[in-house]
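Colleague: Listed here are the chains, written in short residue letters.
2 protein chains.
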Amino acid sequence: MFGKQSGAEAVKSQRGRSNAVYFFPYEKIMTNWTGVPLNEAHNFQVRKLEISDKSKGFVELLQQLTVCDAISDENFEARFQELRSLGDDHVICVIEDTTCGKIIATGSVFIEKKFVRNCGKAGHIEDVVVDRDSRGMQLGKKVLSFLADHAQSVGCYKVILDCSNENKAFYEKCGFKQKEIQMVKYFI
Amino acid sequence: MFGKQSGAEAVKSQRGRSNAVYFFPYEKIMTNWTGVPLNEAHNFQVRKLEISDKSKGFVELLQQLTVCDAISDENFEARFQELRSLGDDHVICVIEDTTCGKIIATGSVFIEKKFVRNCGKAGHIEDVVVDRDSRGMQLGKKVLSFLADHAQSVGCYKVILDCSNENKAFYEKCGFKQKEIQMVKYFI
Numbered sequence: 170m171f172g173k174q175s176g177a178e179a180v181k182s183q184r185g186r187s188n189a190v191y192f193f194p195y196e197k198i199m200t201n202w203t204g205v206p207l208n209e210a211h212n213f214q215v216r217k218l219e220i221s222d223k224s225k226g227f228v229e230l231l232q233q234l235t236v237c238d239a240i241s242d243e244n245f246e247a248r249f250q251e252l253r254s255l256g257d258d259h260v261i262c263v264i265e266d267t268t269c270g271k272i273i274a275t276g277s278v279f280i281e282k283k284f285v286r287n288c289g290k291a292g293h294i295e296d297v298v299v300d301r302d303s304r305g306m307q308l309g310k311k312v313l314s315f316l317a318d319h320a321q322s323v324g325c326y327k328v329i330l331d332c333s334n335e336n337k338a339f340y341e342k343c344g345f346k347q348k349e350i351q352m353v354k355y356f357i
Numbered sequence: 170m171f172g173k174q175s176g177a178e179a180v181k182s183q184r185g186r187s188n189a190v191y192f193f194p195y196e197k198i199m200t201n202w203t204g205v206p207l208n209e210a211h212n213f214q215v216r217k218l219e220i221s222d223k224s225k226g227f228v229e230l231l232q233q234l235t236v237c238d239a240i241s242d243e244n245f246e247a248r249f250q251e252l253r254s255l256g257d258d259h260v261i262c263v264i265e266d267t268t269c270g271k272i273i274a275t276g277s278v279f280i281e282k283k284f285v286r287n288c289g290k291a292g293h294i295e296d297v298v299v300d301r302d303s304r305g306m307q308l309g310k311k312v313l314s315f316l317a318d319h320a321q322s323v324g325c326y327k328v329i330l331d332c333s334n335e336n337k338a339f340y341e342k343c344g345f346k347q348k349e350i351q352m353v354k355y356f357i
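Protein sequences appear in the order of chains A and B. Counted from 1, the first sequence has number 257 at position 88 by our numbering; the numbering is strictly sequential. Counted from 1, the second sequence has number 319 at position 150 by our numbering; the numbering is strictly sequential.
Chain A on its own, in the form it takes in the complex:
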């Protein structure tokens, strides 16, 4: 199985990066058990999270990443509105496979305002995941690019993230370099 991405990629919104929505087609070329090619066409939409994405498998996708129990509609809406009120300071990117109406990749970035670096801003990327059935199509790279572009567009001097050693090579391909180590203290 291998994939080929169309050149006619995007009509990006003119309203600024944080409102950017773009589509791109993708043709997954598979063979059936007799070796006959079966073309599987996809249309992907890269955009910000919408409240209706809960019914498109957004929470189930996060469950592939870490602990994430079912979230009630009420709690989902409350958190969604809370994040939306932060505007450009907290953006969640999703990729929807519009062929089947399913969210298949996501990641978030929030903007930290500092005094250092001349009152600079840093983007923190978190919770990046691509659906296990949709890997190998560079969707993770699309998500990262969307998030990094957003951070840059709002004036960040850098964007950072933490990852396992296993995923280091992937992030290097996306233009990241290892810098420090991450330390954690759990309360529960």
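Simulated from the structure, these hints should not be mistaken for laboratory data. Don't take each hint at face value.
Which copy? The list can't say, so a pair holds if one copy fits it or any two copies do.
27 Å max Cα-Cα, derived DSSO-like pairs, lysine-lysine [said to hold, decoys possible]:
1) K223 <-> K348
2) K310 <-> K282
3) K346 <-> K327
4) K271 <-> K310
Could you slot chain B onto chain A? The hints should help.
Modeller: Relative to chain A, chain B alone:
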């Protein structure tokens, strides 16, 4: 040179962690060039950043950490108010040596709101620095404790930070464990 910290440490505010202010005395026992002990008494105040801290060496302290040019009063106030409007979601801790009215340690924490972990929250600690002339008095530990306590008090399930390999042992003494690696992409 060695230091001794008094037992009568703190009267913590009853108004909640994020408003906590406490004092503790510290006796730095030094010897002069003839070996005669010279006791140097300090009174430290651990609290949230105030706008007047700019005139107490707060920016100069940050300059020991990373690039941080002089900040105009106007820009400082604008950033200060912007951060204050975030309330408990962004807290900067400082330690003032009230004997000389100087800020000698700082660190910040901001609260990220997630969908994972049942709409959980994670605290991100950034920009921790102790004045080079005030090291060895466990002030860094006090700052971290203030920030981690704050994160826990607002319901975070964890607090994280990035550091160099050199500083790993210090953070381990503060109850942190290494988990992942930090990746960065600079825009400037």
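Colleague: To test your reading of the hints: which numbers does this structure violate?
Modeller: Going through the list in order, the structure violates hint 1 alone and respects the others.
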